[in-house]
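Protein chains: 2
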Amino acid sequence: MQTAETSTNPTDAAVDLGPATALSCRECGHRVPLGPVFACEECFGPLEIAYDFSDYDAEELRKRIEAGPANIWRYAPLLPVPADVATKPNINPGWTKLVQADNLARELGVTGGLYVKDDSGNPTHSFKDRVVAQAIEAARAFGFTTLSCSSTGNLAGAVGAAAARAGFRSCVFIPHDLEQGKVVMAAVYGGELVGIEGNYDDVNRFCSELIGDPAGEGWGFVNVNLRPYYAEGSKTLAYEICEQLGWRLPDQIVVPIASGSQLTKIDKGLKELIELGLVEDRPYKIFGAQAEGCSPVSTAYKAGHDVVRPQKPNTIAKSLAIGNPADGPYVLDIARRTGGAVEDVTDEQVVDAIKLLARTEGIFAETAGGVTVGVTRKLIENGVLDPSLTTVVLNTGDGLKTLDAVAGTGLTATIRPNLDSFREAGLA
Amino acid sequence: MQTAETSTNPTDAAVDLGPATALSCRECGHRVPLGPVFACEECFGPLEIAYDFSDYDAEELRKRIEAGPANIWRYAPLLPVPADVATKPNINPGWTKLVQADNLARELGVTGGLYVKDDSGNPTHSFKDRVVAQAIEAARAFGFTTLSCSSTGNLAGAVGAAAARAGFRSCVFIPHDLEQGKVVMAAVYGGELVGIEGNYDDVNRFCSELIGDPAGEGWGFVNVNLRPYYAEGSKTLAYEICEQLGWRLPDQIVVPIASGSQLTKIDKGLKELIELGLVEDRPYKIFGAQAEGCSPVSTAYKAGHDVVRPQKPNTIAKSLAIGNPADGPYVLDIARRTGGAVEDVTDEQVVDAIKLLARTEGIFAETAGGVTVGVTRKLIENGVLDPSLTTVVLNTGDGLKTLDAVAGTGLTATIRPNLDSFREAGLA
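Which chain is which? The protein sequence lines are A and B, in order.
Residue numbers for the first sequence follow full-length UniProt numbering, so the first one is 1 and each next one is one higher.
Residue numbers for the second sequence follow full-length UniProt numbering, so the first one is 1 and each next one is one higher.
Incorrect hints may appear among the rest.
Taking CB as the label site, the calculated pair distances span [unchecked claim]:
hint	chain 1	residue 1	chain 2	residue 2	range
1	B	52	A	179	51 to 59 Å
2	A	58	B	86	23 to 31 Å
3	B	299	A	312	57 to 65 Å
4	A	55	B	86	31 to 39 Å
What the hints contain is simulated information worked out from the structure, not anything from laboratory work.
All residues carry an ideal CB built from backbone N, CA and C; glycine is no exception.
Start from the sequences and build out the full structure, keeping to the hints where you can.
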C-alpha cells in the first residue's frame, strides 16, 4: 500500500490528519473524504474540515496544550495535522505576543482592557505563516512535492520560507511588474518565482488553469486546492488570544477583512473552545475592519444587505485589497449574530492609526494593522464598541513591508554637531 | 526618601536591580555602587555588573525560570532588574526560536547538530531589543525620563519602540543623510529623531559632549551611561540557547563581532550557568565572525596579537561595521581560551550565505547573519570548526532591514498567462 508520504496520486493517499475526519460543505453539509479539494461536488459551496473532538476531556486537553511547544502546534489536537506534527520540519509560527496596550487604551479611552495580538512576530512577519504552515502539513499528507500560490506580497514570502524549511519545491506566481522590494522578499528563499505578464486577476486565472492541467499534478496551491486546511490556521489566533487571556474569551475582537476567511475562522475557533469547555460560554462580539478604498463587506453591512457587491480596490492597505471577498456573506452573518459590526476607515486614517500604535505601544504595523486600529478608534467614537469591555485588536503584519505608507515620517530636527545648535533647536 | 521611580537625581536613587549588587571594573576590580556610570574612576576600565547569586539552589532556579514568561524576563533572577520586572511596561524581547537547521547542516556537512538562534523574531527584529529592554529597566531605576542613543540602524528602532511602550521620551541621534527607509523605521515610533550634520563619528562625539552637559541631565544613553546594564541583555542569548537545548551547553557557538560586547556577554552567561549548576561543566568553544571589510579582531587573531588595530569599515554588513571595537581584546582572550577562533568573510560570501540560509531554512537574515553563516561554512572548510559537534550559529537581525544586500535576487522566469508559455519556460 502506498503511504501518504510517498504517494504521487493525492486522492488515493491514506492520510493521517489527526482529529480531522472529513471535508464538509459549509452550504449543504455534504461530506467527502479528506483530500485536496475545496468545492462541494453537490452545490459548489466551500468545503471545511470536520473534526472528531468527542474523546477530549477539557482539563486533560488544557494541560496537554499548556505543555506543548511555543507555537501553533500546541493546538495540534484541534487542527488537521498528525499528532507528531511538531517533530516535522515546518516554519512553526504562532504563540505571538498578546500585548497589553495600556498606552493605546488611555488614548482611546478604553477602560476594560485593550490588547493587541501582534502577528508581526511570526517567522516571515505576517499571520500568513499560520495558514501556510497548515497547508504544508496537508501537502505532506497528500504527497504533494511542489507548493504554489498566487500572491502580491505576504503570502509569497510565507510560502517560499515554509517550503524551504519543509523540503518542498516552491513555485510562486506574481504579476511581473511588482515592486522590486517585494520581489526580493519573495525571491530570497530560492524557489521558483514566476512573473506573469498581466495583473493579479490574470495571475489567478492562470493558476486555476494550471490546477486543472496535468502540468499542475503534484502541486499544492495553498489557497486553492489546499484551502480547507490552509484556512484552519486562522483558528489558532482565537485559541492563542483566549489562552493568553487566561483561558477567557475577549468581550470584543476587531479583525481585518480581506477574503473574510480569517474572521470566520476566528469565530469557529472561539466556538470550539466553548464547546470543548476550555472557556466559559458567554457572549463575544466580532467586529470586521476594512479600508474605505476596498470596503465591500462594510458597505453591505451598513446597507443591511446579505449579499456583498464586488468593488475595484483602491487603497494603501494592499494586503486587504480583495474586491470580491469569498467569505463576505459569512462575515456579515457573524458580525450580526454576535452583535459586532463592520466598519471602514480612509487611507489617511490608516496612516494615522499606524503612527498611533507605534507611538503608544512601540508596535510598527503593516497597513492592515492601521485598518484595525483605525476602525477600533472609529467604532469607539461612534459608540459602537464598548470601551468598558475587554477588547482585542489584531495586527496581522509588519510595517517593514509597507514602509511607503509612512514614508512622510522623518527627522524631527537637523542640527550641527554641537551643543549650541542642540539648544537652538529647542531640544534641551 | 526619594524612590527610584520618582527621583530626578539618578545618583541619589535607591535602586532595586534584583541580584545586581555593584559595578565592578573589568580591568582592576574596583567596585562602585550601582549607578549610571560606565568607566572605572581608578583605571578607566569598563564597568560590569556584579551579582549576588549565592542564595540560589540550582533545581529551584531552573523550575522558576521554566515557569517564567516566554521572554527574557524568565531570567530575571540572573539580570540587573527587579523581581517584578515582567509586570512593568517594556518591549519584552527574547525567547526567540532556536531552529534545528537540518537542511543547512546537510549542505555544510555538519553531523553533530546545527542550530540557528534566530533573533529576527524579536519585537523590532534584531537582538538590540534584548539590550535596550535592559537599559529601559536601568533608566527606570535611576529616574531617567529621556532615553537616547546614537545609531545608524537597528538600535534607533529598538530604542524608539521600547521608549514608546515603557513611557519614556526618546531622542535618537543619527547622521542627517541616512537612507530614507532607515529614517522611517526609526521615526515611526514618534520620538525625537535628530539628524546631525556630519558622519557617525560626529554623532558619537556630540553625544559624549551632551552627556557631560547640564542639557543631558536626566538622559539615559543606552549604550553609554547605561552601558553596563544594557550589555547584560546579551547574556540572555546564552541562557536561551542552553535552555532550548535542554539545559545543555552547545559544543561550538558562532557569534558576530561589532563592538565585541555580545560575544563577551555570551561567554559570561555560559560561565554563570555552569557556576550555578544549571548545565554540566564541560568545554565549549566560541567563534567570532566579522566581515572582511571590517575585520580588526579577525586580523589581530590571525596575527597572534593581543591588541586590536582600528580599521576604516567598508562592508555591506553595516550593523557590524565598528572599526575600533571596544571589547576586541576580550574577544581575542575568549576565542583563544575556549579553543575557538575569529574569522572573516567577503561581502560576496556574506550575500551567498544569506541566500544559503534562506534557501535551506526559510530564514531571511540581515547581513550580520550572512557573516555568521558564511564564517561557519569557512571554518568547517578550513577544518577549524568540528562538524561532528553540536554547533549554534547566531542570526541577530532581519533581512527586511538590509534588502539592498540581495537586491540582485529576482524573478526566475517571466511568462504570459497561459499553459503554453508555462511549458515553454520549462516549469512543468
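Structure-based check of all given hints:
The hinted range of 51 to 59 Å is satisfied by residue 52 of chain B and residue 179 of chain A, whose Cβ atoms lie roughly 55 Å apart. Against the hinted window of 23 to 31 Å, the Cβ-Cβ separation of residue 58 of chain A and residue 86 of chain B comes to about 28 Å, which satisfies the hint. A hinted range of 57 to 65 Å holds for the C-beta pair residue 299 of chain B and residue 312 of chain A, which are about 60 Å apart. Under the hint 31 to 39 Å, the C-beta atoms of residue 55 of chain A and residue 86 of chain B, about 36 Å apart, fit the expected range.
Violated hints for the displayed structure: none, as all numbered hints are satisfied.
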